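Colleague: So the chains spell out like this:
Protein chains: 2
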Amino acid sequence: MMRILDPQDCAINTATLGFQAPIGDVIEAIARFGFAGIAPWRREMEGQNLKAVAKHIRDSGLRVTGYCRSTYIPANGRAEFEGNIADNKRALNEATELGAESFVMVVGTLRDLTSARTQVRDGVAMLLEHAKSLNVKLALEPLHPVYAADRSCITLAEEALDICDAVEGEVSEPQLGIFVDAYHLWWSVNLSRDILRAGKAKRIFGFHVSDWLNPTTDILNDRGMMGDGVIDLKSIRSMVEAAGYQGLIETEIFSINNWWKKPMDETLKVIAERIKTSV
Amino acid sequence: MMRILDPQDCAINTATLGFQAPIGDVIEAIARFGFAGIAPWRREMEGQNLKAVAKHIRDSGLRVTGYCRSTYIPANGRAEFEGNIADNKRALNEATELGAESFVMVVGTLRDLTSARTQVRDGVAMLLEHAKSLNVKLALEPLHPVYAADRSCITLAEEALDICDAVEGEVSEPQLGIFVDAYHLWWSVNLSRDILRAGKAKRIFGFHVSDWLNPTTDILNDRGMMGDGVIDLKSIRSMVEAAGYQGLIETEIFSINNWWKKPMDETLKVIAERIKTSV
Numbered sequence: 001m002m003r004i005l006d007p008q009d010c011a012i013n014t015a016t017l018g019f020q021a022p023i024g025d026v027i028e029a030i031a032r033f034g035f036a037g038i039a040p041w042r043r044e045m046e047g048q049n050l051k052a053v054a055k056h057i058r059d060s061g062l063r064v065t066g067y068c069r070s071t072y073i074p075a076n077g078r079a080e081f082e083g084n085i086a087d088n089k090r091a092l093n094e095a096t097e098l099g100a101e102s103f104v105m106v107v108g109t110l111r112d113l114t115s116a117r118t119q120v121r122d123g124v125a126m127l128l129e130h131a132k133s134l135n136v137k138l139a140l141e142p143l144h145p146v147y148a149a150d151r152s153c154i155t156l157a158e159e160a161l162d163i164c165d166a167v168e169g170e171v172s173e174p175q176l177g178i179f180v181d182a183y184h185l186w187w188s189v190n191l192s193r194d195i196l197r198a199g200k201a202k203r204i205f206g207f208h209v210s211d212w213l214n215p216t217t218d219i220l221n222d223r224g225m226m227g228d229g230v231i232d233l234k235s236i237r238s239m240v241e242a243a244g245y246q247g248l249i250e251t252e253i254f255s256i257n258n259w260w261k262k263p264m265d266e267t268l269k270v271i272a273e274r275i276k277t278s279v
Numbered sequence: 280m281m282r283i284l285d286p287q288d289c290a291i292n293t294a295t296l297g298f299q300a301p302i303g304d305v306i307e308a309i310a311r312f313g314f315a316g317i318a319p320w321r322r323e324m325e326g327q328n329l330k331a332v333a334k335h336i337r338d339s340g341l342r343v344t345g346y347c348r349s350t351y352i353p354a355n356g357r358a359e360f361e362g363n364i365a366d367n368k369r370a371l372n373e374a375t376e377l378g379a380e381s382f383v384m385v386v387g388t389l390r391d392l393t394s395a396r397t398q399v400r401d402g403v404a405m406l407l408e409h410a411k412s413l414n415v416k417l418a419l420e421p422l423h424p425v426y427a428a429d430r431s432c433i434t435l436a437e438e439a440l441d442i443c444d445a446v447e448g449e450v451s452e453p454q455l456g457i458f459v460d461a462y463h464l465w466w467s468v469n470l471s472r473d474i475l476r477a478g479k480a481k482r483i484f485g486f487h488v489s490d491w492l493n494p495t496t497d498i499l500n501d502r503g504m505m506g507d508g509v510i511d512l513k514s515i516r517s518m519v520e521a522a523g524y525q526g527l528i529e530t531e532i533f534s535i536n537n538w539w540k541k542p543m544d545e546t547l548k549v550i551a552e553r554i555k556t557s558v
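Those protein sequences? They're chains Y and F, same order as listed.
Per the numbering used here, the first sequence runs over residues 1 to 279.
Per the numbering used here, the second sequence runs over residues 280 to 558.
Hints listed in this document are in silico derivations from the structure and should not be mistaken for laboratory results.
Values in this document were obtained by computation on a predicted structure and should not be read as measured data.
Don't take each hint at face value.
Stated by the list, open to error - Take a look, some chain Y residues computed to stay more than 12 angstroms from chain F by CB distance:
| # | residue |
| --- | --- |
| 1 | I4 |
| 2 | R43 |
| 3 | E44 |
| 4 | H56 |
| 5 | R69 |
| 6 | R78 |
| 7 | A79 |
| 8 | E80 |
| 9 | R111 |
| 10 | E158 |
| 11 | V171 |
| 12 | P174 |
| 13 | N190 |
| 14 | T217 |
| 15 | A243 |
| 16 | E273 |
What the hints assert, rightly or not - Short derived list, chain Y residues pointing at chain F, Cβ under 10 angstroms:
| # | residue |
| --- | --- |
| 17 | L50 |
| 18 | A52 |
| 19 | W186 |
| 20 | D228 |
| 21 | I231 |
The beta-carbon is built from N, C-alpha and C at its ideal position, and this holds for glycine as well.
So here's chain Y without its partners, still in its complex pose (with noise of 0.2 angstroms):
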């Protein structure tokens, strides 16, 4: 019998609540809802005063759990790789201003996945300097294999995991870790085995839930309320928790037909619920 979840436990991604509203009221939204943390986006950030930002989700009794999330780093030329390694510095940079825990990364892709990859382990040996100056650690965030082509050349946690090994090396306390999104993750034979690995590692810095509907209309935006799709997310939460996993349950749903468009407090009320009943 698992522990029934309480808004304390969590976190949610501002994603979720569609980018309605400027960040100190989706600040105040969710903290009102008894919720624990808070991950912006750095289309948040834009013309905002970060120490204030930092200040008001301090105040606001909320941990930051992460900061959406990295610049693609593949490139087709070097300049242009240079380019993604220098911004990806500047978001980190936002990142300890905000007292994010990790900086959440999106890695990208390219059609010759080989070089993505290459370039993908290359540029995240680049950020990890910069990360440990700052002392904040980075997240890889494997996607579902459905993104392989336009978001991420990184898709298996193992995959994640095997460049965390090569690029940090075997550490007590890893800066570089991954993101254990349910949505992108749920569908693998290896779920269990992958999360375990990473769990012993101390390689497990957040863990996103959504729900994947079933039938799917849209690639990217249309990720179900917990409860309202195929995935096992008790299972999964068992499976993490088990690996040692502490942090807070962090929702990030992308829905541009459903969730996005209603008023944030009846979407903080419904996620209220549902991680008590579904997560």
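Fit chain F to the known structure of chain Y by using the hints.
Modeller: Positioned in the frame of chain Y, the structure of chain F alone reads:
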């Protein structure tokens, strides 16, 4: 430098032509363009005399690479499961009458993936006995993980090969193997490793080509003509050939809004060109 393909190296899966015409017309069109094989679907055999169809195919100089496809195996109760097995046995009889080299299996799925996988393994073992008595091969087709909710709990080539090993064991002339479909497998970092393993075990029973369009607008029926998408088909063909595969290369394109709307002869003409330039 790879050898340039000729229609005589290739087969056409009839789904590519959108089921617009009776099977007799489809057979003649495929033969007229010089292709060496055909893979028909069960829906095309309704109301047909299978021995006559088989003779028509043979007399046209075509091989039957595969017969498509299995009834999904996993069920929510024993009676339904037994019914699915019985239905697949009837289809195996048809495959034999047609002289098909393989019976192509899309295995199905359930919300409870663990139960689905157990049922698939049990069902494949039951069907393998029947297939052996008929001397037709069983080909498991791992599908892209985007279909894990509705079509196949088997998504990785390694998973399909593990089932082959568990059910049939190591044998010199396997009757249980896999179809390598570029559309379903192209994204995996383990692709080359898995294809080599399949080839060493003589378990590559077929090779499907099409292309992944970017963007993809329909998860099931927006597959691309070879050369129109992002898959490095030449690279995957070289892996399959290096693994010892010597069978025909089969085009299978589900394309409800494009190729299925075109006259058969136009689609076949373009395939005859693209196998030279893009595979």
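Colleague: Min Cβ distance, D228(Y) to chain F: is it shorter than 10 angstroms?
Modeller: 12 angstroms, violated
Colleague: Does the claim that I4(Y) lies off the interface hold, with its Cβ farther than 12 angstroms from every Cβ of chain F?
Modeller: With a cut-off of 12 angstroms, I4(Y) remains clear of chain F, as the shortest Cβ separation is near 21 angstroms.
Colleague: Compute the least Cβ-Cβ separation between N190(Y) and chain F, then decide whether it is above 12 angstroms.
Modeller: 8 angstroms, violated
Colleague: Closest CB-CB distance from E158(Y) to chain F, is it above 12 angstroms?
Modeller: Since the minimum Cβ distance to chain F is about 8 angstroms, E158(Y) lies within 12 angstroms and the statement is violated.
Colleague: Regarding the assertion that R111(Y) does not contact chain F, is the least Cβ-Cβ distance greater than 12 angstroms?
Modeller: 5 angstroms, violated
Colleague: Would you check whether the claim that R78(Y) is not at the interface survives, using Cβ distances to chain F and the 12 angstroms cut-off?
Modeller: 22 angstroms, holds
Colleague: The output says P174(Y) does not contact chain F. Does that hold with a beta carbon cutoff of 12 angstroms?
Modeller: 21 angstroms, holds
Colleague: Please check whether the beta-carbon of E273(Y) is more than 12 angstroms away from every beta-carbon in chain F.
Modeller: Its Cβ never comes within 12 angstroms of chain F, the nearest being 21 angstroms, so this holds.
Colleague: Is the Cβ of R43(Y) farther than 12 angstroms from every Cβ of chain F?
Modeller: Holds, since 21 angstroms exceeds 12 angstroms.
Colleague: Mind checking the CB of L50(Y) against every CB in chain F and telling me if the closest is under 10 angstroms?
Modeller: 34 angstroms, violated
Colleague: Would E80(Y) pass as off the interface with chain F, using Cβ distances and a cut of 12 angstroms?
Modeller: 19 angstroms, holds
Colleague: For V171(Y), which was marked as not at the interface, is the minimum beta-carbon distance to chain F over 12 angstroms?
Modeller: V171(Y) clear of chain F: closest Cβ-Cβ about 23 angstroms, beyond 12 angstroms.
Checked against the numbered hints listed earlier, the structure breaks hints 9, 10, 13, 14, 17, 18, 20; every other hint is satisfied.
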